[in-house]
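Protein chains in written order, with numbering that gives the first Met the number 0: chain A, 0 to 476; chain B, 0 to 133.
Simulated from the structure, these hints should not be mistaken for lab results.
The reader is advised that the hints may include incorrect statements.
Unchecked claim - Computed list of lysine-lysine pairs in DSBU-like fashion (alpha-carbon distance at most 30 Å, straight line):
1) A/K196 - A/K5
2) A/K338 - A/K5
3) A/K476 - A/K381
4) A/K40 - A/K476
5) A/K451 - B/K99
6) A/K381 - B/K101
7) A/K476 - A/K338
8) A/K40 - A/K5
9) A/K338 - A/K381
10) A/K476 - B/K101
11) B/K99 - A/K381
12) A/K40 - A/K196
Said to hold, decoys possible - So, partial list: chain B residues that the calculated Cβ filter (under 10 Å) puts toward chain A:
13) V6
14) G42
15) I56
16) T57
17) V65
18) W93
19) K99
Note that beta-carbon positions come from the ideal geometry of N, C-alpha and C, so glycine has one too.
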Amino acid sequence: MANSWKIVIAQPHWRELEAHLFPGDDDEHAAVLRCGLARSKRGYRLLVHDVVIARDGVDYVPGTRGYRRLLPEFVSDVAESCADEQLIYIGVHCHGGDNEVEFSNTDIASHERGYPALLDITAAPAVGALVFAERAVAGDIWLADGNRVEISELLVVGRPQIHLTPQPIRSRAAARGYDRQVRLFGDRGQDILSRQKVAIIGLGGAGSLVSEYLARLGVGTLLLVDPDRVETTNLPRLVGARRFDAMAWLTNEDRPVLIQRLGHALARYKVDVAARVARQASPDIHIDTLADDVIEPNVAAALTDCDFVFLCADSHSARRLTDVLTHQYLIPSAEVGAKINLDEDSGDVTDVFSVSRVSSPGGGCLRCNFLVSPRLLQEEGKSDGERRRGRYLDDEDVSSPSVIALNAVAASQAVDDYLMAVTGLVDPSVDLDRWVGFHPATDELEEFTLRKDPTCTSCGPTRFARGDAVRLPVRLK
Amino acid sequence: MALTNEVARAIEEVRATFPESTVTSDEDGSGGAFVTVSELSIGSRFSESMSWLGFHITFNYPEAQVYPHFGVPGLTRPDGSEYEAGDGIQQVEWGPDTNKAKATQFSRSSTRWDPVVDTAANKLLRVLEWLRDG
Ligand SMILES: [Zn+2]
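Only chain B is shown next, with the shape it has when bound in the complex (with noise of 0.2 Å):
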């Protein structure tokens, strides 16, 4: 098994771009792999403000956007209640066919995503960007 080139880049951006994290990828057997990068700091807006965040970058990547991106389980909003789908926040299961887990989905799809400028790595900016401002 192996990643492709843009996919083995891609994870090597994702740990240039998060020199404090730790990055760890698991291959999917195809090309792609899964990966999460520890510990950053997710804003106000849930019931933790520290997640690891993980996607799946496929063996299509570039041409294919990184889609959906999770974090850690049972996210709700401070107070409890819980987020719906329609906020792009639910719960599912994650991961490789025969290592899944509970996590948080976050849905933010790059309705013009550009295989010459998007990137794992600022994908993943944006979806920051996004879980700490809304």
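Just chain A, same shape as in the assembly (with noise of 0.2 Å):
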């Protein structure tokens, strides 16, 4: 399994390389995926930075040893804008047939000719060939340490996600308590959610909710992020919380200032008691807790191969974090919260609203939606003294209102189109982002229209599907 390699593209690259492919003329096509890399303990992904389209005729033509052939012209040209760019070269065809699909000699023997060279000049860790049926894709990478390997499977990323393997593969039969759901989703819908690793930043109100919900699901393994431990003022909204985690004896007002301190850091990581309610509703589920900062260098790194990430905690750097996770590493990810805005002199409550934000790569991004502020991130980049003796934030430390149905009215959409996309229910016609908000004291149901800036440092073509290869945006140690 940690040496498995699997290819990630993005919604928009599949549907340009998809037409290309299969135009409806039952020919062979060729294009040329230029990816990045992310290598972690689940394995290997190639992620695709973007397509070069061989034209028929003019680039892909007639073969002397097969059917067709890359010219080599086109062949070195995309090999050096790897080499410049540090890209991997995955050169790609489509073959006949349905559901299943294998290199015909012909290719194997062009591989074993072209490849060592193409290792050379792209100076690449890996170069490969994918080759195409309708709804299968098989895939020979050659490595640079002169390994030789097959892909497990390529994963589309969007709004429905679509796994491709060389053959069908059998879904393991569900668990029989998840009977009603399996109605749904099927064996496969059930199987596919046991083999997802979701993070949870934030276990607060929201992230809380969220957590319970994906256990419940059966989603496989749980990574749950938060620094802080619980306090009485959050039990209203935390799942599971009890008084005790809160050590609300110890920290009640009427103790000493000591005893108080003493409360707080006795009190439960709100990440223990997320993985106690996730144990609870799914026994066998795979949970594990960071109780720290998810710009701290080791908590975002262990993000970097998650299948989905939850952003429930509002920070500007964290939400900076999220972008660059879904559009360097393509891990669709969902924004999730309430809020109630005060008027600043009043007090008077101007809007109550919960919003989901639903983000695939290639699409969605936070920043381009003026939802990252320079100005929150300058400020989070200080220390907490610095912060105070600045003084420029009068409403420091004033807590802003919050309510658990508001939440989880966010956290039940934001978990129901993730489902609707992981277990491919969702419709392809949908858009490939969903962001929607929701206005209880006015009855109003709000659906954005996405800005996307071509030259964002988040989701532009300096990060984009680039892997390992660029630094996350997060604290240096």
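From the two separate chains plus the hints, produce the assembled complex.
The following block contains the structure:
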């Protein structure tokens, strides 16, 4: 498993590639995928940075040994561009067939003739090829260390997600307890959920709900991240939290300050409360907890091999990191929360809303939509003491309103959209992203039209699908 | 400890932009730095005409704007009357937690900070312009 190789491609690139390979003429077509690389304990992922189309009759022409071939000039141009941009060259073409595919002997012979030189030109850790049928893909990846590996699958990330493999795979039968939901998404959907590793950043009001929903749905692995301990004022919103977790009898305001401090230090971490709830909901679940800030380098690194990230914390540094995980590592994400805006002078409620922003690689970006503030990023880069000394945040330490039902609307919407996408149930005609807001005080439902900045430093070409090649926006130790 | 590449480059750019000044930097332990640029002319709006100027470039730079800026403590109008916080000028303590000192703070927030265009160096030039011209 740890040495498995898979291809991950964002839905817009997949649609471009699919339209070129399968225009309906039953003929062979070709392209090159320029890929970044991500490696972790879960294996290697080739992340598709872009698709270079080989034009029929111009770059992809009748062959002497095989049916068609790529012109050497096309191959060397693309290979040199890969060398310049430190990307991995993956040639692709299609065969006929439906849900099974393998390379022909001519294909294999051409890899053996060409790939040692391609490894040389690109100076990359790997080069390779994929061959597609309409619903299958096989891969032959040549590694710089001399090894040669197959790919386990190709994952299309978007709405819906698509898994392609060399042959159809049989899903494990779901445990009997999941009977009612398996009637909706099948053994296959339940099997996909059981293999998912999902991260939740922030286990407060919204995050604790998301965590319980995912555990009950049968998600296999949860990575829970939150540096905070439970406080008495969290109890009305925190799933499964007890007064004992908050050390309520020590932190009570009529206790001496030292005792209160002791109480806060002894209170249980929010990640541990969420883990307790998740284990009760799903005894076989695997849970990793990190009671630390998500922008610590080791914490952020642990997020890079997740299948989905739920951001349930109100920090602009975490928003920026989530954008980067989505677009640099092709991990879809949801920003989840509820907000109550108050008039600065009168304190009157001006707006109440729950919001779920589900974004796919190549699509939604919080930064492009002005949800990552350069001013607040600067504030969050300072120490607590430095922030206080500056005296420009008058409203510091003032808690904002928060209500469980508002959180639940956002959490439930985000988990629903996640579920529909990963189990493949969502209609392929829906938009790539789903950002939606609910305003219970005015009965309004808000659907957002997203903006995209082509030079964005979070989702643009300097980071897109580049995996481990670009440093994450985190603290440096 | 170290600086992020972006912060290190920003400091180099400050040095190149202010070749007459001495530029010192103090790592903040998170990848950012406290930077001071010596002896700059700040015009005639203050009780002194020269000041060092300092700022914190955080690890979130360049997506984070560089804000606020700091100068010699106790700056007033030339006639000795004090500026108000509403003028964007106030007396604070500035620097790393272990080495903080009194300073005059200049608050010039860039509402449209763009990491592709804006840098610590060109922001400092804009702050200087504002100090001189108001
Ligand atoms: Zn963006």
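Decide if the proposed pair is consistent with the structure: A/K476 and B/K101, CA atoms, cutoff 30 Å inclusive. 28 Å, holds
Compare the distance between the alpha carbons of A/K476 and A/K381 with 30 Å, and conclude whether the hinted pair is satisfied. It holds: about 15 Å lies between the C-alpha atoms, which stays within 30 Å.
Can you confirm whether the C-alpha distance between A/K338 and A/K381 stays at or below 30 Å? 25 Å, holds
Does the nearest C-beta of chain A fall within a distance shorter than 10 Å of the C-beta of B/W93? Holds - the Cβ of B/W93 comes within 10 Å of chain A, reaching about 7 Å at its closest.
Can you confirm whether the C-alpha distance between A/K40 and A/K5 stays at or below 30 Å? 13 Å, holds
Run the distance test for A/K451 versus B/K99: straight-line Cα separation, threshold 30 Å. 41 Å, violated
Are A/K381 and B/K101 close enough, with their CA atoms no more than 30 Å apart? 17 Å, holds
Tell me if the interface restraint on B/G42 is satisfied: Cβ within less than 10 Å of some Cβ in chain A. 24 Å, violated
Taking the least C-beta to C-beta distance, is B/T57 closer than 10 Å to chain A? 2 Å, holds
Hinted pair A/K196 and A/K5, Cα distance within 30 Å: Holds, because 16 Å separates the two Cα atoms, which is no more than 30 Å.
Interface hint outcome for B/V6 [beta carbon to chain A under 10 Å]: Hint holds; B/V6 Cβ to chain A Cβ min 9 Å, cut 10 Å.
Is it true that the CA of A/K40 sits at most 30 Å from the CA of A/K196? 12 Å, holds
Of the numbered hints given earlier, the model fails hints 2, 5, 7, 14; all others are met.
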